[in-house]
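> Okay, here's what each chain looks like letter by letter:
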Amino acid sequence: MSAFLIFLAGALFLGGILFIKPRAKKDKVWKAVLNWTLYVAWYAFTWMGFSFVYINSSVGHVKATSTAVFLFLGVSVVLAFVLARLLGFIGAKKSDRTASA
Amino acid sequence: MEKNLNEVSRKNQPVQVSRRNFLKMSMVAAAAGAVGAVSAPAKVVSAAANSMNYIPGSKGQWSKLRPEPDYGGATVRFVEHNDEWLGTTRIVGPIKNFNEADMGFNLCARGLLGEKAQKGVLSFIAKHPLGGSINDTLMYVATEEAVSGQPAPKKMPIPDPEQMSKHIKDVAYFLRADEVGIGKMPPYAYYSHKTTVGRDKMASMPVEKWTVPFEERLPYVIVVMVDQHLETTLASTGYDGISGSQSFRGYHATGNIAVILAKYIRRLGYNARAHHARNYGAVMPPCVIAAGLGELSRTGDSTIHPRLGFRHKVAAVTTDLPLAPDKPIDFGLQDFCRVCKKCAENCPSGAITFDDDPVEYNGYLRWNSDFKKCAVFRTTNEEGSSCGRCMKVCPWNSKESSWFHKSGTWLGSKGKVSAKLLRDIDDMFGYGTETIDKYKWWLEWPENYRIP
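Order-wise, the sequence lines are chains Z and G.
Residue numbers for the first sequence follow the numbering used here, so the first one is 63 and each next one is one higher.
Residue numbers for the second sequence follow the numbering used here, so the first one is 11 and each next one is one higher.
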């Protein structure tokens, strides 16, 4: 199971890079660096969460599992929203409309 | 004829050496001496090793079976063992050797800590059938013949002290020790007097009748450590029916290893005595510290190992076998115990102090925990057999092998602020205080736990 999860993590990491690559490039270098940094941080944190929850639940640490689900999932979702906004997956149309108005 | 006389007289003259040549010769001799001194031990080792068909381990290696000691995630540094410090324990005056008659359970047996404790001490392990069984089995190797004896009259060839230390550690690992260390034996760790009768007879006679001076003084101590079992600890409250059995699992395993190790050393022609739970000649915590296997904790008389925490038991072998002792360790436990206090909050008997700082006790500094209260609770506990609640809740106890537990102990070894953080994280995730039912494998007979 651990080996499968590690393989999955690697495959999804590469997939994610290919997916966001067209949108991560920005007119300013620091914006591109911010996007990639945020992507790597979000990805690492999310998989740390999976690993933490998986190990704790398999051993039977009930409180650690439930706390980690909220903690890691919560932070992961917040980071994902920020990243999606910066990459233009969400909120882009709205800002376009505002600009045209 | 004259020529011959000149030759004879020249031969009889002392050798003349100029100052310059004398200095040159001295330098050459010194260099040759230095080269000889450096290469000689290796040759001796090599020769000795060849005669025993032994391939020496590499320099700096802990042992061949375990090249590096396993301290979990903790950052560990080696510290000194001298007149002022035993590891991280400060020595402030002369330390008197302790009389075995005055240890907690013997005070209970003598009736000095109440009638209930006096009754309870005779059955607090045996009241659970498993604990009683392990204890009885350990008694087979508790006789004087088992723990001590005369060495073989002829010394067998052995490698140099460094290689021999590695070999002794490998013997211990081979015999299923979880950890092993070698220390300089602190002379104050020996008992001044040793008991000679069972606890059932202690109250009926004056102490002098059943104690004898313990006079052995050997230079080294080998300490072996065995885990008290992770899953059982996770499922136990720390003071239920299995608690005493957990202790004796460790005592039995380490006791057997120590007895075998001591016999092995005696067969090599050197003095050696095993010390285990059913026949001690020494107090274990200073031996553990000297052997680099732990630091003294808030409980006052128990040590914590950087990986196993409290969840271990030890036995020891004192010996004059030539060994290269390890140094005591410092992994930041003094700072950690100062701020954590989780054991004190969870101790069912209130024996563990909440004080911030250690106090002087018998010539050294330690936290002012009350070992008498601890002994009374363990002998009179009617919810189970004995108690190991402090062991269960301590954040230093290793959990399952994982990156986050190793990160946690790394954090805990970095000073007071990070120690507080580890304690808070430990609480936030419920570690230590939880009981995980899926590992509860043992049977309980609560009716046996009551003291008549």
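These are computed hints drawn from the structure, not numbers from a lab.
Just so you know, not all the hints are guaranteed correct.
Here's a subset of chain G near chain Z, in silico, CB distances under 10 angstroms, partners left out [to be verified]:
no.	residue
1	L244
2	T247
3	M438
Derived DSSO-like pairs: lysine-lysine, alpha-carbon spacing no greater than 30 angstroms straight-line [what the hints assert, rightly or not]:
no.	chain 1	residue 1	chain 2	residue 2
4	G	K165	G	K69
5	G	K337	Z	K125
6	G	K74	G	K164
7	G	K448	G	K351
8	G	K106	G	K194
9	G	K416	Z	K125
10	G	K383	G	K416
11	G	K448	Z	K125
12	G	K204	G	K219
13	G	K211	G	K106
14	G	K383	G	K211
15	G	K382	G	K351
16	G	K69	Z	K125
17	Z	K125	G	K430
18	G	K382	G	K211
19	G	K382	Z	K125
20	G	K424	G	K69
21	G	K74	G	K273
22	Z	K125	G	K426
23	G	K106	G	K337
24	G	K219	G	K337
Where is the CB? At the ideal position from N, CA and C, for every residue including glycine.
> Work down the list of hints and note, for each, if the structure agrees.
Now the hints, each set against the structure:
1. L244: holds, 7 angstroms
2. T247: Violated: closest Cβ of chain Z sits about 15 angstroms from T247/G, beyond 10 angstroms.
3. M438: holds, 6 angstroms
4. K165/G - K69/G: holds, 26 angstroms
5. K337/G - K125/Z: Not OK: K337/G and K125/Z at ~39 angstroms, beyond 30 angstroms, violated.
6. K74/G - K164/G: holds, 27 angstroms
7. K448/G - K351/G: Measuring from Cα to Cα gives roughly 28 angstroms; hence the hint holds.
8. K106/G - K194/G: holds, 18 angstroms
9. K416/G - K125/Z: It holds: about 19 angstroms lies between the C-alpha atoms, which stays within 30 angstroms.
10. K383/G - K416/G: violated, 34 angstroms
11. K448/G - K125/Z: holds, 15 angstroms
12. K204/G - K219/G: holds, 11 angstroms
13. K211/G - K106/G: holds, 26 angstroms
14. K383/G - K211/G: Holds: K383/G and K211/G sit about 22 angstroms apart, inside 30 angstroms.
15. K382/G - K351/G: Holds, at about 19 angstroms.
16. K69/G - K125/Z: The hint is violated at about 46 angstroms.
17. K125/Z - K430/G: Measuring from Cα to Cα gives roughly 20 angstroms; hence the hint holds.
18. K382/G - K211/G: holds, 20 angstroms
19. K382/G - K125/Z: Violated, at about 35 angstroms.
20. K424/G - K69/G: The given pair, whose Cα atoms are some 29 angstroms apart, holds under the 30 angstroms limit.
21. K74/G - K273/G: Holds, at roughly 22 angstroms.
22. K125/Z - K426/G: holds, 26 angstroms
23. K106/G - K337/G: holds, 23 angstroms
24. K219/G - K337/G: Measuring from Cα to Cα gives roughly 39 angstroms; hence the hint is violated.
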